[in-house]
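Chemist: As a plain string of letters, each chain reads:
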Amino acid sequence: KAGVTQTPRYLIKTRGQQVTLSCSPISGHRSVSWYQQTPGQGLQFLFEYFSETQRNKGNFPGRFSGRQFSNSRSEMNVSTLELGDSALYLCASSLQTYTNEKLFFGSGTQLSVL
Amino acid sequence: QQQVKQSPQSLIVQKGGIPIINCAYENTAFDYFPWYQQFPGKGPALLIAIRPDVSEKKEGRFTISFNKSAKQFSLHIMDSQPGDSATYFCAAKIADRSGGYQKVTFGTGTKLQVIP
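Just so you know, the sequences run in chain order A and B. When you read off a place in the first sequence, starting at 1, and then add 36, the result is the number in our numbering. When you read off a place in the second sequence, starting at 1, and then add 108, the result is the number in our numbering.
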């Protein structure tokens, strides 16, 4: 079974630009969540989607948005990039049931904002 | 608000040693406590998890100790090997019971180096 696939692997942008990151979950997983990872801060929750609906959102500005398609693939968009947005963005998929809450992470997209 | 505090930030042990990573949480509603292991260039992967109805869980060389009254839990790695060198994250979550989604709250990570 294929794992979680994130594209692109690396991205370099300049301040003020926007960026779209993509995530393909494990087949059969309908829950997709996004995390921002920075040194010293750990993983910060951005949002979670299930069956194309956003069910929960973290404490990030409105410049961060996402969506999920009918095939469970998800995209994350960051508009008006700032230097502080440089981070590893991780996508995780899961079955998200009470008896199975395991998150399966992709390898992430390393975003550098210059 | 950092709801899960993790220490130490980094740890160096000799091969065969027993590194211990500690975490403390604030929200008593948390009822699922996983540990994730991350190697460079990879996403985190679930290592072991515990629910608060047990005080200890062991899987291979990895053991979680859980103290509900103190709101603390820790990861012990027995007979550590150089291949265990990675960053370890503790986490906590409230179980989903009503069709909603409760986020996973992660600690800030511990970078472990096991030297031969």
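Some hints here could point you the wrong way.
If the Cβ cut is set under 7 angstroms, some of the chain B residues that face chain A in the computed set are [claimed, not checked]:
id, residue
1, K123
2, G124
3, G125
4, P127
5, F147
6, P152
7, L154
8, F170
9, F174
10, T216
11, K219
Derived from the structure by calculation, the hints contain no laboratory data. Glycine included, C-beta positions come from ideal geometry on N, C-alpha and C.
Chemist: Check each numbered hint against the structure and report the violated ones by number, ascending.
Modeler: 1, 2, 3, 4, 5, 8, 9, 11
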